[in-house]
Amino acid sequence: MNDLTMTPAAGQQGQATGRDVILSAHDVAKTYQMGRVEVKVLKGASIELATGEWLSILGSSGSGKSTLLHLLGGLDQADEGGGGIRYRQQEITGFNSRQLNTYRNLSVGFVFQFYHLLPELTVMENTVLPAMVARGRLKWYRDRAEITERARELLSQFGLDHRLEHRPRELSGGERQRTAIARALVNQPSILLADEPTGNLDASTGGEILDLIKQQHEQGLSIIMVTHDSTIASQADRQVHLVDGIVQ
Amino acid sequence: MYQALLANRYLTSRIIPLIAVAAVALCVALVIIVVSVMTGFLDMLKSSGKTLMGDVIVGYPVRGIPHYERLIDEINGLSTAAVASPLIDSYGLLRMPYPEGDDKEVVTVQVWGIQPESFAGVTGMADSIYWKELSEQEAATARDDDFRRRIKPGMLGDSLTLTDPVTGRRGALMGIHVSIVNDRQQDGSYEPKFDHWWLPGGHEVTLTLVPISSKGSISEPRDRTFPIINEFHTGVYQIDKSRIMIPLEDAQHLLRLEEAIKYDTSGELDENGRPPVIGTSPARATKILVRAADGVTPDELLADVRMAYERFWMKVAAEDGVMEVPPSRELVTMLTWEQQLRDLIGPVEKERELMRILFSIIYLVCAGLVLSIFWAIVYEKTRDIGILRSVGASRLGILWIFLRYGMVIGILGSILGVGLAYLVVSNINEIHDAIGQDAPTWSWVAMYSFGLAAAIGMLVSITRSRVLYAIILGLVAISLGGVAFALQQHVGTVIWDPAVYYFSTLPSQLDFFTVIITMIGAIVFSILGAAVPAAKAADTDPVKALRYE
Chain A
1 MNDLTMTPAA GQQGQATGRD VILSAHDVAK TYQMGRVEVK VLKGASIELA TGEWLSILGS
61 SGSGKSTLLH LLGGLDQADE GGGGIRYRQQ EITGFNSRQL NTYRNLSVGF VFQFYHLLPE
121 LTVMENTVLP AMVARGRLKW YRDRAEITER ARELLSQFGL DHRLEHRPRE LSGGERQRTA
181 IARALVNQPS ILLADEPTGN LDASTGGEIL DLIKQQHEQG LSIIMVTHDS TIASQADRQV
241 HLVDGIVQ
Chain B
1 MYQALLANRY LTSRIIPLIA VAAVALCVAL VIIVVSVMTG FLDMLKSSGK TLMGDVIVGY
61 PVRGIPHYER LIDEINGLST AAVASPLIDS YGLLRMPYPE GDDKEVVTVQ VWGIQPESFA
121 GVTGMADSIY WKELSEQEAA TARDDDFRRR IKPGMLGDSL TLTDPVTGRR GALMGIHVSI
181 VNDRQQDGSY EPKFDHWWLP GGHEVTLTLV PISSKGSISE PRDRTFPIIN EFHTGVYQID
241 KSRIMIPLED AQHLLRLEEA IKYDTSGELD ENGRPPVIGT SPARATKILV RAADGVTPDE
301 LLADVRMAYE RFWMKVAAED GVMEVPPSRE LVTMLTWEQQ LRDLIGPVEK ERELMRILFS
361 IIYLVCAGLV LSIFWAIVYE KTRDIGILRS VGASRLGILW IFLRYGMVIG ILGSILGVGL
421 AYLVVSNINE IHDAIGQDAP TWSWVAMYSF GLAAAIGMLV SITRSRVLYA IILGLVAISL
481 GGVAFALQQH VGTVIWDPAV YYFSTLPSQL DFFTVIITMI GAIVFSILGA AVPAAKAADT
541 DPVKALRYE
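In order, the protein sequences belong to chains A and B.
Numbering follows our numbering, in which position 113 of the first sequence is assigned residue number 113; successive positions increment by one, without gaps.
Numbering follows our numbering, in which position 130 of the second sequence is assigned residue number 130; successive positions increment by one, without gaps.
Hints listed in this document are in silico derivations from the structure and should not be mistaken for laboratory results.
Please note: incorrect hints may appear among the correct ones.
[Said to hold, decoys possible] Partial list, derived from the structure: chain A residues whose beta carbon lies under 7 Å from chain B:
hint, residue
1, D76
2, Q77
3, V133
4, R137
5, L138
[Said to hold, decoys possible] Distance ranges between label pairs, derived from CB positions:
hint, chain 1, residue 1, chain 2, residue 2, range
6, B, T463, A, P119, 49 to 57 Å
7, B, I435, A, E165, 27 to 35 Å
8, B, N8, A, V243, 43 to 51 Å
9, B, L396, A, Q188, 20 to 28 Å
10, A, V243, B, W375, 15 to 23 Å
11, B, L396, A, D20, 34 to 42 Å
12, B, Y379, A, R169, 44 to 52 Å
13, B, L396, A, P119, 32 to 40 Å
14, A, S230, B, N8, 39 to 47 Å
15, B, W375, A, P119, 16 to 24 Å
[What the hints assert, rightly or not] These stretches of chain B come out as covered by chain A in the derived footprint (C-beta under 8 Å, 3 or more residues):
hint, segment
16, 208-214
17, 261-268
18, 355-361
Because the structure is a prediction, the values reported are computed rather than measured.
Glycine included, every Cβ here is placed at the ideal spot set by N, Cα and C.
Let the hints inform the model, and build the full structure from the sequences given.
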């Protein structure tokens with residue numbers, strides 16, 4: 001992994017210097033219609049993530065960093081006529097909705113600033129949710145024991161083994177975010193997409209979450225983290241700046 | 001799989017879906033109760049028609065069918081007929097034994113002259129006799145002070161021969177509502193309001209009938225006094241209110257339809273100064289009731305009875321010197337019991353269908369309720385939808401969560417609704433009787449007390465600045481106060497007037513077909529109601545949903 005790890009200065013214009021690029025965006029644009037006004041959020045952003053790399057996207061509020069993350073994660077569609085997004089040499093812009101669902105379910109894991117756990121489900125149920133989504137009823141019953149065990153290991157590793165049957169409202173912010181990370185990892189994705197994962201936490205708890213992400217990175221997980229905090233961004237292998245819809 | 005988990009959690013973790021379940025349950029119960037009662041009413045009408053008059057009725061009113069005994073022999077010879085019975089059907093005046101003094105009450109009655117043995121074979125008369133010793137099974141459930149417990153063997157006349165056991169006189173059977181003395185109790189039993197006016201206990205009535213001559217003019221009325229042998233309860237109010245049954249011979253006599261010597265009044269007198277006898281005029285019956293043999297339909301029997309009548313008529317008409325030829329087949333009405341009751345059954349059937357259609361609109365109400373409740377739920381769950389999409393859930397998967405949710409609400413609501421309908425329908429006579437009486441004092445006192453408790457709770461909530469609780473408790477207090485006031489003001493109202501609806505009790509059976517159709521309807525319309533919000537959920541843009549606060 002070391003030969004793929006970049007120093008912050010190594011990457012220019014969001015490009016990974018190593019060959020083994022797992023996810024890339026080339027000249028993507030995204031325009032939102034706000035009433036009668038068109039707002040161009042991304043104006044041809046390009047970025048590359050090498051396998052096993054931890055990349056931070058730094059940008060101020062409204063710079064389009066969350067939008068770029070959504071496009072990379074297949075949650076949103078880039079403008080037509082612009083560039084595309086490639087995952088392992090496949091153009092995800094051309095994916096049909098079924099392929100996109102599978103991509104979101106198996107290839108990437110999302111972590112959000114506001115945790116986004118389902119309030120009606122317990123910690124364990126929230127964690128195994130992506131695995132349930134991936135399977136029909138029969139397959140779920142077949143694999144349930146194995147998946148539950150994996151989730152239990154993850155949650156235990158994240159210090160949540162005493163919280164398995166608790167609802168999100170009974171957890172602290174840090175515990176909620178750890179649950180969200182466990183959920184993002186349960187299907188063993190290749191890439192973790194984290195959108196301000198510490199943005200809603202105090203410095204100490206935020207530090208714990210960063211340590212956890214670092215651990216995953218050390219185990220080989222590719223990570224893109226969006227943040228506006230350069231201190232946090234500096235934890236990554238490489239940082240890029242998104243200014244006014246363009247990666248600099 | 002996750003759809004089942006989420007639909008289940010959405011259902012159990014909040015109150016709104018429970019309101020939807022309650023709404024569906026009420027709609028389902030309403031439809032089932034109304035249609036079940038209508039269907040039960042129709043069934044009662046039909047089954048009572050069959051048991052009261054047999055399967056086929058041959059009729060020639062007023063003057064009756066002469067030589068009817070031969071017609072009965074002819075019909076009894078049919079393999080499709082079990083038994084036939086002659087009947088005289090007319091109207092008359094009945095002088096009741098009450099009140100004290102000479103100025104007795106007189107009522108108009110429908111008079112059936114019957115031949116008790118064969119009549120009991122055609123109809124369910126034996127079962128309808130009301131005053132008799134209770135069977136062991138009846139004795140176990142009847143009230144301790146049920147009047148019938150006082151009846152001892154030998155106390156009453158023989159209802160199947162219509163004779164008074166003491167005097168040997170022929171007597172009458174009366175519908176239970178003919179006498180105003182009989183009072184229907186809440187459990188459906190009857191009590192004489194005054195024991196000494198209990199009619200089978202040795203009272204007599206005088207029946208006056210008006211004979212009609214062959215020329216259609218009114219002859220001198222005839223009357224006869226009959227001891228009351230017993231009273232009958234068919235359940236059909238119109239019959240129980242107005243019918244009296246007397247022996248056939250008496251009815252024939254009172255209407256001048258009995259066998260009689262016929263004189264030639266146009267010619268000269270004989271040596272004794274009387275007109276010469278020219279023969280015997282045969283006895284007549286205005287109706288013949290026929291019961292079908294086992295496994296024979298009324299229509300099959302009717303076809304055979306028509307042919308039997310034809311044979312009977314040809315035989316009698318071909319005989320030399322026959323005094324009176326029966327009316328030809330075309331003049332005689334021959335109907336199955338259903339055709340006979342067509343005028344009564346037809347409108348009720350139409351009424352039921354109309355009810356079915358009108359109450360089907362309730363399904364739309366169901367769908368509307370589910371739609372609006374689900375709209376609110378989808379609105380509230382927008383962020384969940386975004387989260388699910390972010391972990392790879394498909395649009396169809398999201399759609400299915402809410403459709404499934406609607407289906408579960410439909411299933412739960414319809415099961416609860418059927419349970420509620422069952423409770424109401426099986427206790428409908430008790431409920432009806434309760435509405436027919438003033439509300440008991442304890443009921444409105446209790447309601448006022450609960451209302452007061454809620455009002456105090458509201459005041460406490462206001463002092464603690466709990467606005468939501470204060471408003472809810474305030475609404476509860478107002479509702480309970482309203483109910484209490486309504487109960488206090490309530491005076492007994494008889495909704496189901498037996499004089500209008502023919503029956504003295506309400507049907508209390510759930511109609512299975514209606515239950516199934518209504519359940520399916522409720523489930524389908526709940527799913528339809530959920531479909532629009534579910535589609536909205538499926539179409540939600542995941543990014544916007546995730547930003548949704």
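Lying within 20 to 28 Å: is that true of the beta-carbon distance L396 of chain B to Q188 of chain A?
holds, 25 Å
Tell me if the interface restraint on Q77 of chain A is satisfied: Cβ within less than 7 Å of some Cβ in chain B.
This hint is violated: Q77 of chain A lies away from chain B, its Cβ roughly 10 Å from the closest one there, beyond 7 Å.
Using the beta carbons of W375 of chain B and P119 of chain A, state whether their distance is inside 16 to 24 Å or not.
holds, 20 Å
Between L396 of chain B and P119 of chain A, does the beta-carbon spacing fit 32 to 40 Å?
Since the Cβ atoms of L396 of chain B and P119 of chain A sit about 24 Å apart, the hinted range of 32 to 40 Å is violated.
Does the closest beta carbon of chain B sit nearer than 7 Å to the beta carbon of D76 of chain A?
holds, 5 Å
Using the nearest Cβ pair, does V133 of chain A come within less than 7 Å of chain B?
holds, 5 Å
For the hint 44 to 52 Å, verify it against the beta carbon of Y379 of chain B and that of R169 of chain A.
violated, 20 Å
Holds or violated: the segment 355-361 of chain B covered by chain A, criterion of 3 or more residues with Cβ-Cβ distance under 8 Å?
violated (count 0)
Falls inside 15 to 23 Å, the C-beta gap from V243 of chain A to W375 of chain B?
violated, 42 Å
In terms of beta carbon proximity below 8 Å, does the segment 208-214 of chain B have 3 or more residues touching chain A?
violated (count 0)
Let's test the interface hint: is any C-beta of chain B closer than 7 Å to that of L138 of chain A?
violated, 9 Å
Holds or violated: the 34 to 42 Å window for the beta-carbon distance between L396 of chain B and D20 of chain A?
Given a distance of about 36 Å, which is inside 34 to 42 Å, the answer is holds.
In terms of the numbered hints stated before, the structure departs from hints 2, 5, 6, 7, 10, 12, 13, 16, 17, 18, listed from lowest to highest.
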